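*Asks:* Taking the hints into account, I'd like the entire structure generated from these sequences.
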Amino acid sequence: MAIKNARVRFAPSPTGLTHLGSARTALYNYLIAQQSDGVFILRIEDTDQKRYDPQAEQDLIDSLRWLGVKWDEGPDVGGPHAPYHQSKRMEIYRKYAEELVAKGKAYYCFCTPQELEQVRKQQQANKQQPHYSGRCRDLPAEDAQQRVKAGESHVIRFKAPKSGSITVTDKLRGEITVENRSIDDRVLLKSDGHAVYHLAAMVDDHEMGITHVLRGEEWLPSLPLHAHIYEAFGWEQPIWVHLSVFLKPSGKGKMSKRDTEQMRLTGQSIFIKDLAAMGYLPEGVVNWIALMGWSYDDHTEFFPMQDLVEKFDLEKMNPSPAAIDFKKLDHFNGLHIRALSEKELAKRLVPYFETAGYAVDAKQLAPIIPIIQTRMTTLDEGPQLAGFFFQEEVEPSVDMLIGKGLTATASAAALRKALGILEVLPEFNAASAEEPMRAVADELGLKAGQLFGMLRNVVTGQEVSPPLFESMEIVGRETVIARLQRAIKALERPGEETPNRS
RNA sequence: GCCCCCAUCGUCUAGAGGCCCAGGACGUGGCCCUUUCAAGGCUAAAACCGGGGUUCGAAUCCCCGUGGGGGCACCA
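Residue numbers (the working numbering): 1 to 502.
Hints are computed from structural coordinates only; laboratory data are not their basis.
The structure displayed is predicted, hence computed values, not measured ones.
There's no promise every hint is true.
Said to hold, decoys possible - For lysine-lysine, the following DSSO-like pairs were computed, each having C-alpha atoms within a straight-line distance of at most 27 Å:
(1) LYS70 to LYS273
(2) LYS127 to LYS162
(3) LYS70 to LYS363
(4) LYS347 to LYS327
As the list claims (entries may be wrong) - Restraint-style ranges between C-beta atoms, simulated for each label pair:
(5) GLN58 to GLN129: 34 to 42 Å
(6) GLU261 to LYS447: 19 to 27 Å
(7) GLN146 to GLN262: 36 to 44 Å
Quick reminder that beta carbons are idealized off the backbone N, C-alpha and C, glycines included.
*Replies:* Laid out in structure tokens, this is it:
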């Protein structure tokens with residue numbers, strides 16, 4: 001069932017780095033807007049001035065941009081419902097809060113935080129669900145008005161019904177019914193004049209014409225409250241969709257702050273920013289998180305963004321929590337690396353070579369792409385794999401230069417023989433070098449692998465490398481010869497007569 | 001303590017009463033390809049939380065239990 005012209009929003013509270021959970025919520029919203037020819041709004045929920053962090057907001061914008069999740073309206077791009085920072089919409093919330101007071105659906109409360117805290121403690125001690133005492137709930141309107149005018153510090157509280165029950169509908173879970181007496185008289189407007197989430201989000205969603213609210217599961221318990229607020233205003237509710245939470249890789253519980261730090265130490269992270277630095281592709285990350293909680297029924301798992309836009313479907317979402325699996329991210333990242341054009345991959349590799357200390361451009365990278373593309377799971381592996389192409393000199397240990405089951409002298413002799421032939425080869429390329437080298441091995445009674453292994457170490461300086469002859473061609477005859485000569489010299493130094501591991 | 005949500009291989013999931021002695025993917029083991037490492041191909045092991053119902057028939061519906069998760073702020 002296709003949605004048309006959805007108006008959706010992602011409304012984070014920038015208090016820390018953007019992580020996978022937020023990214024997925026943003027992604028799903030974006031997909032719905034895209035596929036329905038709708039509008040995706042980015043709204044910043046910064047009504048808690050103590051916790052708001054401008055750096056976190058910048059990180060949010062960078063992370064979303066990097067992922068390719070684009071918004072139509074938002075703080076940086078503007079739009080018909082500006083401003084998009086809730087801290088700049090105070091008067092709007094005040095007006096609506098007063099409206100509820102006038103309707104008898106909310107009331108002024110003069111209880112101090114200390115008083116509330118005390119009551120709460122007592123309730124907890126009595127093993128009761130902490131609820132507002134109701135002390136100001138039935139204050140005569142005149143008196144309350146008077147005290148407000150006199151400048152007495154106050155908040156506005158919602159007057160939740162005390163009897164009966166309410167039934168709300170979540171797209172993934174169906175109808176949820178709760179007793180009204182379990183719903184508290186929550187604060188809507190704080191004494192500092194800022195609205196609380198419960199008011200600000202409802203007002204904005206209504207004013208911005210939001211049709212589908214996709215948000216984290218942690219909001220599910222307050223959904224009945226939100227439904228009551230909508231009812232109090234006489235507004236029509238949006239379609240509510242509560243996304244399951246992400247669990248730790250172990251599947252045991254939500255990621256705690258300590259967990260995330262622990263994870264970063266081991267080279268993994270749930271922060272988008274880190275993932276980018278670690279060499280993951282936005283395509284890989286998007287594909288990965290899209291499939292945590294949603295699936296497509298023909299078993300397809302490879303999804304470029306455009307396909308997600310076409311295929312994503314709220315009906316196929318899964319309400320149960322999902323454990324994060326970084327192995328699967330590696331898999332998707334590899335898939336997307338291989339799906340990149342050679343030109344594009346070269347371009348994306350440049351920064352990783354730069355941070356590894358190689359000053360190369362995409363053009364210099366171009367020839368090596370075909371031989372490294374299937375060998376990478378993350379972009380930062382590029383320099384490890386192919387750095388030797390750009391090094392003046394490689395530094396294999398003497399041990400590495402000795403062929404399997406050979407002595408140093410035998411190894412030196414073999415390399416010398418190979419050198420003699422490579423020097424005079426009429427053409428120096430992968431195709432022309434392989435056969436003669438096989439012949440050399442034959443002649444010396446060596447297995448091809450024995451000789452090739454030595455050559456690999458000599459030319460690349462590493463035991464794991466891209467294919468040998470292709471590498472030699474790219475490195476070039478001159479450098480190959482120089483590296484061979486150096487290796488032979490190292491091998492012929494006295495005292496190296498022990499046979500190598502077999 | 002109270003409220004809410006969830007429950008299929010180790011993990012992500014397919015499964016909307018017979019198509020399921022449960023399918024795919026990741027990971028793991030084996031084989032093939034191969035100069036290393038990958039990629040690719042083939043293949044194997046691996047799950048319906050438990051108990052009651054309903055029904056001719058239940059992974060699928062209902063109830064209870066258990067387990068897991070989330071929430072109970074002038075935070076979002």
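*Asks:* Now, for every hint given, state plainly whether the structure supports it.
*Replies:* We went through each hint and held it up to the structure:
no., hint, in the structure
1, LYS70 to LYS273, "holds, 17 Å"
2, LYS127 to LYS162, "holds, 20 Å"
3, LYS70 to LYS363, "violated, 30 Å"
4, LYS347 to LYS327, "holds, 25 Å"
5, GLN58 to GLN129: 34 to 42 Å, "holds, 39 Å"
6, GLU261 to LYS447: 19 to 27 Å, "violated, 50 Å"
7, GLN146 to GLN262: 36 to 44 Å, "violated, 55 Å"
Checked against the numbered hints given earlier, this structure breaks hints 3, 6 and 7; the rest are met.
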